[in-house]
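**Q** So the sequence lines, in the order shown, correspond to chains A and B.
Taking the numbering used here, the leading residue of the first sequence gets 151, the next gets one more, and so forth.
Taking the numbering used here, the leading residue of the second sequence gets 151, the next gets one more, and so forth.
Honestly, the hints are just simulated from the structure, not real lab data.
Any given hint might turn out to be false.
Beta-carbon label-pair distances, calculated as ranges [unchecked claim]:
#1 T376/B - P300/A: 18 to 26 Å
#2 S186/A - V273/B: 32 to 40 Å
#3 S397/A - Q340/B: 45 to 53 Å
#4 N407/B - T376/A: 30 to 38 Å
#5 S397/A - K412/B: 39 to 47 Å
#6 V273/B - K272/A: 45 to 53 Å
Computed cross-link-like contacts, DSS-like style, restricted to lysine-lysine with a CA-CA straight-line distance of at most 30 Å [what the hints assert, rightly or not]:
#7 K412/A - K404/B
#8 K272/A - K408/A
#9 K412/B - K414/A
Glycine included, C-beta positions come from ideal geometry on N, C-alpha and C.
Number of protein chains: 2
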Amino acid sequence: MNPSAPVSSSSDAVALLRAHGAAVDAQLRRLRERYSPDAPAPLLDAIDYSLLAGGKRLRPALVLETCQACGGVATVRNDRARESALAAAVAMELIHTFSLVHDDLPAMDNDDLRRGRPTNHKVFGEAMAILAGDAMTTMAFEVIATDAAPAIAPALIRELAHAAGPAGMIGGQVLDIAGENQPLSLEQLQQVHRLKTGALLTASCRMGAIAALGGKDEDSLLLAVTQFGRHLGLAFQIIDDVLDVTSTPEQLGKATNKDAGKGKNTYPGLLGLEASRQRAHMELDAAVAALEPLAQSADGLRAMARFAVERQV
Amino acid sequence: MNPSAPVSSSSDAVALLRAHGAAVDAQLRRLRERYSPDAPAPLLDAIDYSLLAGGKRLRPALVLETCQACGGVATVRNDRARESALAAAVAMELIHTFSLVHDDLPAMDNDDLRRGRPTNHKVFGEAMAILAGDAMTTMAFEVIATDAAPAIAPALIRELAHAAGPAGMIGGQVLDIAGENQPLSLEQLQQVHRLKTGALLTASCRMGAIAALGGKDEDSLLLAVTQFGRHLGLAFQIIDDVLDVTSTPEQLGKATNKDAGKGKNTYPGLLGLEASRQRAHMELDAAVAALEPLAQSADGLRAMARFAVERQV
Numbered sequence: 151m152n153p154s155a156p157v158s159s160s161s162d163a164v165a166l167l168r169a170h171g172a173a174v175d176a177q178l179r180r181l182r183e184r185y186s187p188d189a190p191a192p193l194l195d196a197i198d199y200s201l202l203a204g205g206k207r208l209r210p211a212l213v214l215e216t217c218q219a220c221g222g223v224a225t226v227r228n229d230r231a232r233e234s235a236l237a238a239a240v241a242m243e244l245i246h247t248f249s250l251v252h253d254d255l256p257a258m259d260n261d262d263l264r265r266g267r268p269t270n271h272k273v274f275g276e277a278m279a280i281l282a283g284d285a286m287t288t289m290a291f292e293v294i295a296t297d298a299a300p301a302i303a304p305a306l307i308r309e310l311a312h313a314a315g316p317a318g319m320i321g322g323q324v325l326d327i328a329g330e331n332q333p334l335s336l337e338q339l340q341q342v343h344r345l346k347t348g349a350l351l352t353a354s355c356r357m358g359a360i361a362a363l364g365g366k367d368e369d370s371l372l373l374a375v376t377q378f379g380r381h382l383g384l385a386f387q388i389i390d391d392v393l394d395v396t397s398t399p400e401q402l403g404k405a406t407n408k409d410a411g412k413g414k415n416t417y418p419g420l421l422g423l424e425a426s427r428q429r430a431h432m433e434l435d436a437a438v439a440a441l442e443p444l445a446q447s448a449d450g451l452r453a454m455a456r457f458a459v460e461r462q463v
Numbered sequence: 151m152n153p154s155a156p157v158s159s160s161s162d163a164v165a166l167l168r169a170h171g172a173a174v175d176a177q178l179r180r181l182r183e184r185y186s187p188d189a190p191a192p193l194l195d196a197i198d199y200s201l202l203a204g205g206k207r208l209r210p211a212l213v214l215e216t217c218q219a220c221g222g223v224a225t226v227r228n229d230r231a232r233e234s235a236l237a238a239a240v241a242m243e244l245i246h247t248f249s250l251v252h253d254d255l256p257a258m259d260n261d262d263l264r265r266g267r268p269t270n271h272k273v274f275g276e277a278m279a280i281l282a283g284d285a286m287t288t289m290a291f292e293v294i295a296t297d298a299a300p301a302i303a304p305a306l307i308r309e310l311a312h313a314a315g316p317a318g319m320i321g322g323q324v325l326d327i328a329g330e331n332q333p334l335s336l337e338q339l340q341q342v343h344r345l346k347t348g349a350l351l352t353a354s355c356r357m358g359a360i361a362a363l364g365g366k367d368e369d370s371l372l373l374a375v376t377q378f379g380r381h382l383g384l385a386f387q388i389i390d391d392v393l394d395v396t397s398t399p400e401q402l403g404k405a406t407n408k409d410a411g412k413g414k415n416t417y418p419g420l421l422g423l424e425a426s427r428q429r430a431h432m433e434l435d436a437a438v439a440a441l442e443p444l445a446q447s448a449d450g451l452r453a454m455a456r457f458a459v460e461r462q463v
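Could you build all of it, start to finish, from the sequences and the hints given here?
**A** In structure tokens:
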């Protein structure tokens, strides 16, 4: 209700990200077994190279934390919710990683560095990088169809597929490329980011809620986490743009100042650094306010939102 | 039981392919509405360009025909089966088309012509072709999750995702590229094709059966169509290799003799043309024999298998 009330600090978020990240990483490391021995080892190597490169795991952590925030105390039913959320979290990271591998391709952003290491196509070649990305997409949907509770698997898959597809992340990437070297209005820039970054972050929250609710209609909770995800998505992207200007490649683990070099539209380019930071904090406040119906059980989500805005990498 | 008994002629198959193809095309044309207006129009144009280019629709027709063969007479339950099969058929064609668009890319097979028209990246550029392929993958899973009966959607998605992924089609493409310019044994060549072509053709049959059975365990039917799909997949690929040698680009709507030019391993290269044709007919006989448990209701499938071997394009 009152966005200026004290919220959890972003240092709590680091512990949460670490715990959720460890749970997700354990599943990601086990994925390879499902496809051996039929799958060619070099393909699985290329997939693991990007998948196990140690990202922040923000999206899967949001899935798990939202599930917890919407699920209350642990019961038998919630154990099943946790299993479904974990499948959704793993699928989310697969889709996110696929998008990074394809975005880095020479025909797209042509990046050499990602998460502090050479990009996938630099190591395995373009053909393998394209195929590794393709494979991660199919794996994402297979994981949910196999590991989530059957009653909610279709809803989770619908959510993820729509958020990743033409009216979501992939559509956003098309708009992003189309907007290079031509000035966008603030409204147009927000539309790019609502699709390119916002759709997956929002879906992460919604999938966590769907896993917790197990098919029960609780529109107020779903609406709350949807609003939270949307504001968080904008805040996150603004800070991404800011960090591209203010950080060194060593800090970010990828090339910096590349947005300007490519003629990309960014918040700092449009509003300046200070106004961009202010805007990110406005979005953070709105995200936190949206969580009111979840009361204290959403403290972890509040901390993670603050972390997304205060992070240095 | 007796594979040399008369089976339906391949001319029956043309009528079946036309009827099933029309049903699938109607759905494919309507897909665009689901993503407008949020999705960028140029992306939807690139998707439609390849999706509505008039393929043979063999895979979706197999889904629909297998569903019919396993479902018996039309009842209310079978109407729901038909809806699920249609969703699976549309998803199958989306996955197949995505694979063609990505396989044609400069980093992969670098083809200029497909289905009688310039390839996707020749018209829309490489970045858009990669993204259009990516988008078709997500759309495939969204269609099943949205339109198939919820009770069987997870099974259908698992089937499609596994057949398309690292231990299926995408794995086969990796093996195919890796095998260029080095001689494979017949056993190795069959492994390439079991994954690259066979996995999706087998999954087409299995998804049709799953839709018809609606979650009921009827292992003998599922086993029969699985065996049918595997033999059909090999027969289909052998004939594909043969046609690459014996046809003109005008007949096939794509470059011919390209396998040899790329140092690809093929059945005619390994066995010669005549022995390859004989082998395709052996696989056809085995496919037809596998359908014995379905008796007369599988006449359409038999006709389609014969068509796959006798086709000139």
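**Q** For each hint, tell me whether it holds in the structure or not.
**A** Structure-based check of all given hints:
no.	hint	result
1	T376/B - P300/A: 18 to 26 Å	holds, 22 Å
2	S186/A - V273/B: 32 to 40 Å	holds, 38 Å
3	S397/A - Q340/B: 45 to 53 Å	holds, 52 Å
4	N407/B - T376/A: 30 to 38 Å	violated, 55 Å
5	S397/A - K412/B: 39 to 47 Å	holds, 44 Å
6	V273/B - K272/A: 45 to 53 Å	violated, 28 Å
7	K412/A - K404/B	violated, 36 Å
8	K272/A - K408/A	holds, 18 Å
9	K412/B - K414/A	violated, 39 Å
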